[in-house]
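Chains as they are written, first to last, in my numbering: chain A, 803 to 1131; chain B, 803 to 1131.
It should be emphasised that the hints constitute simulated quantities derived from the structure, not laboratory data. All figures in this text were calculated on a predicted structure; none of them were measured in a lab. Warning: the hint list may mix true and false statements.
Which copy is meant is left open, because identical chains are indistinguishable; a pair holds if it fits in one copy or across any two.
Stated by the list, open to error - Keeping only pairs whose Cα atoms sit at most 30 Å apart, straight-line, the calculated DSS-like set for lysine-lysine is: (1) K898 / K985; (2) K985 / K1074; (3) K1029 / K815; (4) K1082 / K1130.
Listed below are the residues making up each chain.
Protein chains: 2
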Amino acid sequence: MKLASLKHGRDGKLILVSRDLSMAVDATDIAPTLQSALDDWDTIAPLLEKRYASLNNKTLDNTFTFTPTDCASPLPRAYQWVDGSAYVNHVELVRKARNATMPETFWTDPLMYQGMSDGFVGPKDDIELADPSWGCDFEAEIAAITGDMPMGTTAAEASSHIKLMMLVNDVSLRNLIPAELAKGFGFFQSKPASAFSPVAITPDELTDNWQAGKVHLPLHVHLNNEKFGSPDAGVDMTFDFYQLLEHVARSRHVSAGTIVGSGTVSNVDRSKGSCCLAEKRMLEIIEGGKAVTPFMTYGDKVAIEMFDTNGASIFGKIEQTVVPYSKKQ
Amino acid sequence: MKLASLKHGRDGKLILVSRDLSMAVDATDIAPTLQSALDDWDTIAPLLEKRYASLNNKTLDNTFTFTPTDCASPLPRAYQWVDGSAYVNHVELVRKARNATMPETFWTDPLMYQGMSDGFVGPKDDIELADPSWGCDFEAEIAAITGDMPMGTTAAEASSHIKLMMLVNDVSLRNLIPAELAKGFGFFQSKPASAFSPVAITPDELTDNWQAGKVHLPLHVHLNNEKFGSPDAGVDMTFDFYQLLEHVARSRHVSAGTIVGSGTVSNVDRSKGSCCLAEKRMLEIIEGGKAVTPFMTYGDKVAIEMFDTNGASIFGKIEQTVVPYSKKQ
């Protein structure tokens, strides 16, 4: 099943989107918003699935053309967004670039941070940047949306708690990170609003490419319409989504609508390219002593998308342009 | 105006509470939940204020006795909870106890972290603890709830964005903190669900005790019915709420219903006692070489309350007991 939220108020209007992303149908009579559907998923999901089947069978009258630019992020705001760094290769590279060794525990204990979730930007919305010197970067990731999950849920139990999957652009302000992390309390100003793919899908839409808590498909990133990277999300993922969920639930109950991110997708095979500028810059530092690729500035455009084995877009495309921000008085 | 949320579903049922906390009246016809009121505050607040005046004048028929045990936290779940460390004296003490100096910038750049907000526990709810060796501590704080606040809002502009105030028990798992902070991404498992006071109030309820973004009243903490501390929240607060809000909004828009915490209230005057066990333990280490006061374990009870200059409770009392957690199968 594929779901999206048309821009409307604070929480959007729930629609179902056909498997080929061509057509859509209103679903607000079943659940007005995606959050309300997640709040009562066991009851709501079967009703949505039924309409989704009719949409794909073209037996509905009231369909309309699916237009991603009309979409907010599937959850325009959420009660929780936590992001992991499951591709430890990426973390090791960051450290290597500054001649720091990585603790061995990073291979066994997931790195995760609590991100802001009070307002995401839409998949085609601009990235409003107040100051280009902050070092604006994209991070292409996969994310899962959970249902309610009791404290102490283990990886072995986590599978049924994943309700939906999305792509993410986790926007990062790289030049604010060092000072912020040095303070010891993690990211804050360096992690502004993320954007998610136009469509959230149930894991079954990934067919055989969803295996053991990993998505086994390349994640494609373009910068200013040029290919930037397409690492395989199923390769070099040290912690699968089930392990990430166990980490999230260790000391607390987890509520429906929690979004859990994989962290920047990254492959050891360098020919696959990267899913963020920082990684490319690190490779440049390791290879040539200095970073050559600049961070994004006004007018730069990033696109993130994933295709099935037949070449069809699964989640729709995140496509965002960096623009100047000036506060309205 | 004083507002509370009766336990009901995921978001509670909005009620108005009389100034003396004795009586209450339903407000769900004006706004079903506190979040829905905050989403449309300029329209909703005047309607609530009118009924609140009638409630205090005893001209309403449909009132009932206010029972804090029936209450969820005013926002049972929220889109954002960010917590500061505005009482830098407290931070300095933590460092001193482990012979570390504190960077000078800590006096000028607020420390803040992104906390979990997908489900808070009620003001009288138990603290479910899976493992007492995690070192369960309370942290008594003040919090503000904001309206919408554009990116780049300055401290000078922040005043009108504070809609409500609450007390907080920011539960912390002290023995999980060192390893977690060493990983560099901030708190996560070490900060389980917080609890807030039964009642959220508009700042005008604090009368002259709300001055320049600070609450000038003692915050009273009792542990197992014995006085633990009552530092003045208006003293030694290095960053006022307006400065904290500026920090939150620097690189992102802030949405209505964002909760901003002050961090553990702490006075340089040691005779005032402390608002968390960790601070008392640090003072013991500095004075006698080792911590004597244990962290909380099963059966321990913490109470947090603030009184006006006439001795009347302003927010109602947070009162929580630590109990064993065992996952339901």
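Hints violated by the structure (listed by number, smallest first): Checked against the structure, the hints that fail are numbers 3 and 4, while the rest are satisfied.
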